[in-house]
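A.B. asks: Let the sequences and hints guide you as you build the complete structure.
2 protein chains.
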Amino acid sequence: MRKISLFIATSLDGYIAKPNDDLSFLKLVEKEGEDYGYAEFTNTIDTLIVGRKTYDHVLREIGPSHYDNGQRDVYVITRTERPQAGRTIFHTGNISELVKRLKSEKGKNIYCDGGAEVIDELLKQDLIDEFIISVIPVLLGDGTRLFKDGRPEQILELISVKAFETGLTQLHYKKKK
Amino acid sequence: MRKISLFIATSLDGYIAKPNDDLSFLKLVEKEGEDYGYAEFTNTIDTLIVGRKTYDHVLREIGPSHYDNGQRDVYVITRTERPQAGRTIFHTGNISELVKRLKSEKGKNIYCDGGAEVIDELLKQDLIDEFIISVIPVLLGDGTRLFKDGRPEQILELISVKAFETGLTQLHYKKKK
Chain A
1 MRKISLFIAT SLDGYIAKPN DDLSFLKLVE KEGEDYGYAE FTNTIDTLIV GRKTYDHVLR
61 EIGPSHYDNG QRDVYVITRT ERPQAGRTIF HTGNISELVK RLKSEKGKNI YCDGGAEVID
121 ELLKQDLIDE FIISVIPVLL GDGTRLFKDG RPEQILELIS VKAFETGLTQ LHYKKKK
Chain B
1 MRKISLFIAT SLDGYIAKPN DDLSFLKLVE KEGEDYGYAE FTNTIDTLIV GRKTYDHVLR
61 EIGPSHYDNG QRDVYVITRT ERPQAGRTIF HTGNISELVK RLKSEKGKNI YCDGGAEVID
121 ELLKQDLIDE FIISVIPVLL GDGTRLFKDG RPEQILELIS VKAFETGLTQ LHYKKKK
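Top line first, the protein sequences correspond to chains A and B.
For the first sequence, our numbering gives the first residue as 1, with consecutive numbering after it.
For the second sequence, our numbering gives the first residue as 1, with consecutive numbering after it.
What the hints contain is simulated information worked out from the structure, not anything from laboratory work.
These figures come from a predicted structure and were not determined experimentally.
Hints may be right or wrong, so weigh each one.
Note: identical chains are not told apart, hence a pair may lie in one copy or across any two.
As the list claims (entries may be wrong) - No more than 25 Å apart at the CA atoms, straight line, and that leaves these computed lysine to aspartate or glutamate pairs for DMTMM-like:
(1) K106 - D21
(2) K174 - E157
(3) K103 - E117
(4) K18 - D149
(5) K124 - D68
C.D. replies: In structure tokens:
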């Protein structure tokens, strides 16, 4: 069955952004030619799930190519209906039903690209199968937490750990069966 | 100058205890003969700082030997004055003044053994020099967070990462100068 994976960066103190969606801490680990396995990871997926706020933010900051590269279905989780644009589908229904349907279909894996609200919803439903978490060597002190309070307990299995020259550490877990 | 270090275990989602000070998740990584570097670490320290609630909890759960082994000074941070007992000193004054005084004195390193409130106070004052954080492969979903909101930003330097057979990952950082 298709897996759904997180591939996300967090500060050591667990924030995925500073207040006001400030992602500048990612610059601490930017290095020419080093993508921390991102291309390799995205080769294994053909479907992307992303929250509307994160989607808009990425469109603004990086441009449409990040999502609409013609090679994958993008489901934007939103409360506001919008017509489909290419392979980008604006999904206003139940997120766990969407994920369950996608998992039951054939295809490569599914990538949850955030944000924190969508991740929280999926975690509450125990729907994330793999966690690839890049820990940036910084304490941000405040911001948007990767993990909100009030989720079920979930035991994980460590798959691998990689340390990079920049100080980034990548922890890879899967859900324990 | 003497360093002050954290040596602490957290779940992947950043909790050092489940609600009601439940530490049972640590059993997930218990293994005969494996102390995850604790003895080696405590050989480098001669002074321990601990919050009163954590102190009482450990006394109850493990017994006095954890602190009062005659080989180190133990400073219990508390709001209630109590007479010194052996090398255990109940400190009701300012914590950052205590740490600054201890750091200026000669001796081995200083170990901050928690809990979350004392750690938070030290982080707010930028007084922790090293972080040895053992990540337990579990999402607890709720509990006492290692890192509270509202601290200053602090850039760290990765010293090492160790992965253990049990799935515990130990991240070792120092404060970037």
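A.B. asks: Compare the structure with each hint and give your call.
C.D. replies: Here is how each hint holds up against the structure:
1. K106 - D21: For K106 and D21, the Cα distance exceeds 25 Å both inside one copy (35 Å) and across copies (44 Å).
2. K174 - E157: within (5 Å within a copy, 27 Å between copies)
3. K103 - E117: For K103 and E117, only the intra-copy Cα distance (20 Å) is at most 25 Å; the inter-copy one is 43 Å.
4. K18 - D149: both (18 Å within a copy, 11 Å between copies)
5. K124 - D68: Neither way: K124 and D68 sit 28 Å apart in one copy and 43 Å across, limit 25 Å.
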